[in-house]
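Generate the whole structure from the sequences, applying the supplied hints.
Residue numbers (this note's numbering), protein chains in the order written: chain A, 1 to 263; chain B, 1001 to 1328.
Hint data in this document are derived by calculation from the structure and do not stem from the laboratory. You may find that some hints are simply not true.
Straight-line Cα separation of at most 20 Å, EDC-like style, residue types lysine to aspartate or glutamate; simulated pairs [as the list claims (entries may be wrong)]:
hint	chain 1	residue 1	chain 2	residue 2
1	A	Lys21	B	Glu1147
2	B	Lys1313	A	Asp212
3	B	Lys1209	A	Asp259
4	A	Lys261	B	Glu1147
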Amino acid sequence: MHIIVTVKQVPDPDIPPNHFKIDVAANRVVPPSGVAPVMNGYDANALEAALRLKEKHGGTVTVLTIGSAEARDTLKRAIAMGADKAVLVDEPALRDGDSVTTATALARAVEKIGEYDLVLSGRQASDTDAGQVPLGLGELLGVPVVSPVISIEPSGSGLRVHRMTEDGYDVLDVPLPAVISVSSEIGEPRYPPLRGIMAAGRAQIPVWSAADLGFDVASSQPRTTRRRLYVEERDAKVELIQADSLTEAGAALADRLRDAKLI
Amino acid sequence: MSTQHGVLVLAESTDGALAPISAELVAAGRQIAQALGTPLLAALVGQGVRPAAEALAALGSDLAIVADDASLANYQPEATLATLEAIVREHEPDVILTGHTAAIRELAIRLAFRLGTAIVTDCTALRIDGESLIATKPVYGGAAVAEISIDTTPRMATLRPRAFEPGEPAGAASEIQGMAVPGGVAPLVTLVESVTEVATAGPKLKDAKVVVSGGRGLGGPENWHVVEELANELGAAVGATRAVTDAGWVPPSHQVGLTGTTITPDLYVTVAVSGAVQHIAGCSGSRNIVAINKDPDANIFKHARFGVVGDYKQVVAGLTQRIKELRG
Chain A
1 MHIIVTVKQV PDPDIPPNHF KIDVAANRVV PPSGVAPVMN GYDANALEAA LRLKEKHGGT
61 VTVLTIGSAE ARDTLKRAIA MGADKAVLVD EPALRDGDSV TTATALARAV EKIGEYDLVL
121 SGRQASDTDA GQVPLGLGEL LGVPVVSPVI SIEPSGSGLR VHRMTEDGYD VLDVPLPAVI
181 SVSSEIGEPR YPPLRGIMAA GRAQIPVWSA ADLGFDVASS QPRTTRRRLY VEERDAKVEL
241 IQADSLTEAG AALADRLRDA KLI
Chain B
1001 MSTQHGVLVL AESTDGALAP ISAELVAAGR QIAQALGTPL LAALVGQGVR PAAEALAALG
1061 SDLAIVADDA SLANYQPEAT LATLEAIVRE HEPDVILTGH TAAIRELAIR LAFRLGTAIV
1121 TDCTALRIDG ESLIATKPVY GGAAVAEISI DTTPRMATLR PRAFEPGEPA GAASEIQGMA
1181 VPGGVAPLVT LVESVTEVAT AGPKLKDAKV VVSGGRGLGG PENWHVVEEL ANELGAAVGA
1241 TRAVTDAGWV PPSHQVGLTG TTITPDLYVT VAVSGAVQHI AGCSGSRNIV AINKDPDANI
1301 FKHARFGVVG DYKQVVAGLT QRIKELRG
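Put into structure tokens, the structure is as follows:
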């Protein structure tokens, strides 16, 4: 099975909240100094799912991203984890593209990579939290698209997947080729083994421009405008309950909740 | 913005009844329609949804559109999407609102791509500013909030469940117009079965008045009973952080947070939950948050009304025992 995994490099989402800063005039997040950007968490889950499918059933895994030269680090990590190939689409006008622009450029890149059975991606990126690109990619490629998926197994000539619902999951049979975006429950991403890290050091990563994709950047007008980006202020006024022992503090908490008519 | 075609809300049904998100959509849609001076249209698509469509019409809109067809039974994304697209092509709304729910969110995004327009997902507020529709949406896992104007028509948004007040019925029940399902739409995926994982005994997480959640700080699945026993005493639904559902201690359907369920209970008790922004994104609508955590600097205390700093085992033992006494 030939699998393409789309990944996005994002600011590290696990920085402490007080390190999260916004340039209000520019409506942008200020990259925290000394903290390297990372592979989007759900995309790392997608890569893990791709590697498991390849290990059990054979095939290739190609990783695809849109970003600056810095995004090469994320692609190298993907190769270190076990991906066979990586492609970087580096085009300044595409870096902050809206979902339609991003999905369109990715669709062109998938077509340029050529033969594929499955495109895997994360259900959403931890910066925009939009969750649109994989669904748009499925529409643009004209193939089935399912999200959010927590299990994938080959079945006949296609796949049997579990798609999360409100109170459980649906079991679906999906013909190939298809686009599937995954949630974290599908499996924890592996740490790169030493031989993978060495392979990543040697890897040649092709860089494609919008022109290489036949994508006319000027024709793609933004469809949304970020008017404002801000951090919601919290008035911290927690009432801490103390007692001689923690067990008594627990009992005092129950009394306090009773007084407040909450239980 | 053209103003004659109106605001279309795409309602939902569950087990034949109108789903709660529908009243939230009608209320939000009515505000936008009034600000724009346009009609409000409400649509419902599915199989056996006629009674739910009557409940939708009773909420008061200028027109209720219903597509009730056997071909839409169970999970039929292609036929459902084709029907939604047909409704939009016929009525040409300026604004389309849906819930950010497992049932429709993916279809709404795919519809936006088919219509060549923009959609903002998981919105917590909407407003009209002059000619623009501005959507408010948490980003960066909930660490920040963005206000985004949607610059192409139809302007589309998915609304976070329970972020908008449900509307009371306003005016007379609207006329119900039937809509045919477009023929010749091949299903691409096949539903084998639907599996329900949530415990059917306790209250459902999303509707619960009291929720008790556990976090990774519990140490391991062998300690999960502490959360369940407390929830049992309180008659509460059981929630969990993403770390806990990812680790497989409880099924994913228990996850509270950005990519789990959004809850708005009167009382939310967190046990060994650190309060990552992604978790807060799903529980910040709780009226009263209680934090039990051994780390006094844990982010959860910034959002809590009541807190105890200390080892959860002792604190929850005292809490559960005292609740038992108070209730006994």
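Check each numbered hint from earlier against the structure, then list the numbers of those it violates in ascending order.
2, 4
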